[in-house]
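Keeping their order, the protein sequence lines are chains A and B.
If you count by this note's numbering, then the first sequence holds residues 1 to 167, one letter each, in order.
If you count by this note's numbering, then the second sequence holds residues 168 to 425, one letter each, in order.
Treat the hints as calculated values from the structure; they're not laboratory data.
Glycine residues also receive a C-beta, built at the ideal position from the N, C-alpha and C atoms.
Hints may contain errors.
Under the rule of at most 25 Å between Cα atoms (straight-line distance), these lysine-lysine pairs were calculated in the DSS-like manner [what the hints assert, rightly or not]:
1. A:Lys-47 - B:Lys-213
2. B:Lys-234 - A:Lys-47
3. B:Lys-288 - A:Lys-47
4. B:Lys-288 - B:Lys-401
5. A:Lys-47 - B:Lys-173
6. A:Lys-47 - B:Lys-401
Taking beta-carbon pairs under 8 Å as the criterion, some of the chain A residues facing chain B (in silico) [unchecked claim]:
7. Arg-37
8. Gly-44
9. Ser-48
10. Val-113
11. Leu-117
12. Ala-121
13. Leu-125
14. Gly-143
15. Thr-145
16. Trp-146
17. Lys-149
18. Gln-152
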Amino acid sequence: MISKFTFFLGSLALLMFLVITTEADARGRAGGKSVSRSGPASGGSVKSARQPNASTKAKSIGDARDRKQDARDDRRDHKDDVRDDRRDFRDDVRDDRRDFRDDVRDDRRRWRVGSVLTVSAFRALTCTTETIIVGNVTYYRCGTTWYSKAHQGGNVTYIVVTAPAGY
Amino acid sequence: MNQLMKVVIGLTLFTSALSYPLQVFAAEVDEEAVTILKRSTAFMAKATEFKITTEFGFDVVQETGQKLEFGAHHEVTIRRPDKAHLEFSRRDGVQGRMVFDGKQIVVLDPDEKVYSLEEIKGDVDTAFDFLVEELQMPIPLDDFFSSDPAKSLAANLESGYVVGESEVAGISCDHLALRNARVDFQIWIARGDKPLPRRIVITYKNEEGQPQFWANFLEWDLAPHVPDTLFSTKPPEGATQIPFVIIDPSLNDGRGTR
């Protein structure tokens with residue numbers, strides 16, 4: 001009985017240790033400690049309506065569309081004459097075009113959590129990274145994972161990418 | 168105590184309890200504070216070309232609850248309506264530059280020899296909103312770079328009053344205490360004919376650990392006479408272009424391919 005209980009406690013401790021270390025590895029390290037370097041206060045803005053944590057909370061396309069729809073509705077509410085109607089139509093066309101452009105942009109820009117590494121997290125990778133230049137893009141290979149550089153939140157980071165053609 | 172006295176006291180307490188919050192609410196945004204603030208935002212809005220040098224710091228609340236402070240030195244040059252140049256030097260040694268020329272934004276990291284570029288047409292306000300909201304790139308103090316700083320600094324105030332006279336780096340200022348739904352902030356505005364902000368402290372009161380952001384405005388140059396080349400978005404020789412990316416947690420739920 002006791003040995004089973006001890007075994008259970010031991011496994012629980014090991015599991016907790018693994019969870020904690022994995023969690024720590026996911027972020028940047030400084031002197032062996034994991035340190036978070038940005039948060040709500042790094043925005044330095046007093047805007048009452050801004051997203052509380054723009055650095056980690058991604059804005060969905062739906063939200064943007066809702067806001068544009070709201071703006072458009074407001075504009076519609078205030079139209080008085082034909083000229084305004086014409087302007088509304090022009091704005092709508094422009095907005096639609098912008099919506100479309102935003103969709104395209106967002107799709108190529110959005111990355112999942114965990115596929116963006118800080119410079120220090122990238123340097124802490126246990127493999128020896130190999131630098132390969134294909135066309136005008138520099139890739140970094142670590143085992144079977146390929147990375148390339150990108151700007152994220154005002155920092156140069158390494159993003160996980162698919163292997164270039166031929167590799 | 169007779170019955171009538173009880174009723175009178177009861178009624179008095181009841182009516183004063185009802186009117187108290189109304190009175191407090193109505194009296195909370197002090198006229199004088201708003202006048203000083205709006206005089207400053209109007210003065211800033213009149214500047215067509217200026218350079219602001221700031222030193223700032225902010226708390227980042229760690230998982231342990233401990234607060235760590237990070238910060239940077241910024242030099243921001245704006246030429247209305249559509250030119251901006253931002254040079255930053257962070258305490259961790261990272262330096263960089265952001266330039267907007269009315270048509271595109273370029274962000275450069277000279278040490279890494281990389282740059283990112285996005286096309287965005289419009290004025291400085293459009294460009295900064297795009298950087299902060301779409302690219303998730305923080306531009307601390309962007310409220311002050313806006314063509315209408317009152318839109319964020321004096322909007323939706325729930326409370327505001329003048330704390331008193333206060334000297335910041337040898338300059339006599341009015342110290343204001345203000346609150347909106349998201350933040351409490353204190354701002355020190357120079358007295359006299361150039362009512363420019365000299366210091367700000369923002370408390371993110373709804374966030375865990377209530378982290379603060381502070382900034383000292385070291386210099387306001389309202390006639391910087393900078394060359395046009397300062398706003399050139401042409402990337403330097405030998406630098407490689409890299410993309411802008413944002414982190415989208417919804418992709419981790421199985422949606423999307425990356």
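Now the hints, each set against the structure:
no., hint, in the structure
1, A:Lys-47 - B:Lys-213, "holds, 21 Å"
2, B:Lys-234 - A:Lys-47, "holds, 23 Å"
3, B:Lys-288 - A:Lys-47, "holds, 23 Å"
4, B:Lys-288 - B:Lys-401, "holds, 16 Å"
5, A:Lys-47 - B:Lys-173, "violated, 49 Å"
6, A:Lys-47 - B:Lys-401, "violated, 32 Å"
7, Arg-37, "holds, 6 Å"
8, Gly-44, "holds, 3 Å"
9, Ser-48, "holds, 4 Å"
10, Val-113, "holds, 5 Å"
11, Leu-117, "violated, 11 Å"
12, Ala-121, "violated, 13 Å"
13, Leu-125, "violated, 17 Å"
14, Gly-143, "violated, 19 Å"
15, Thr-145, "violated, 13 Å"
16, Trp-146, "violated, 13 Å"
17, Lys-149, "holds, 5 Å"
18, Gln-152, "holds, 5 Å"
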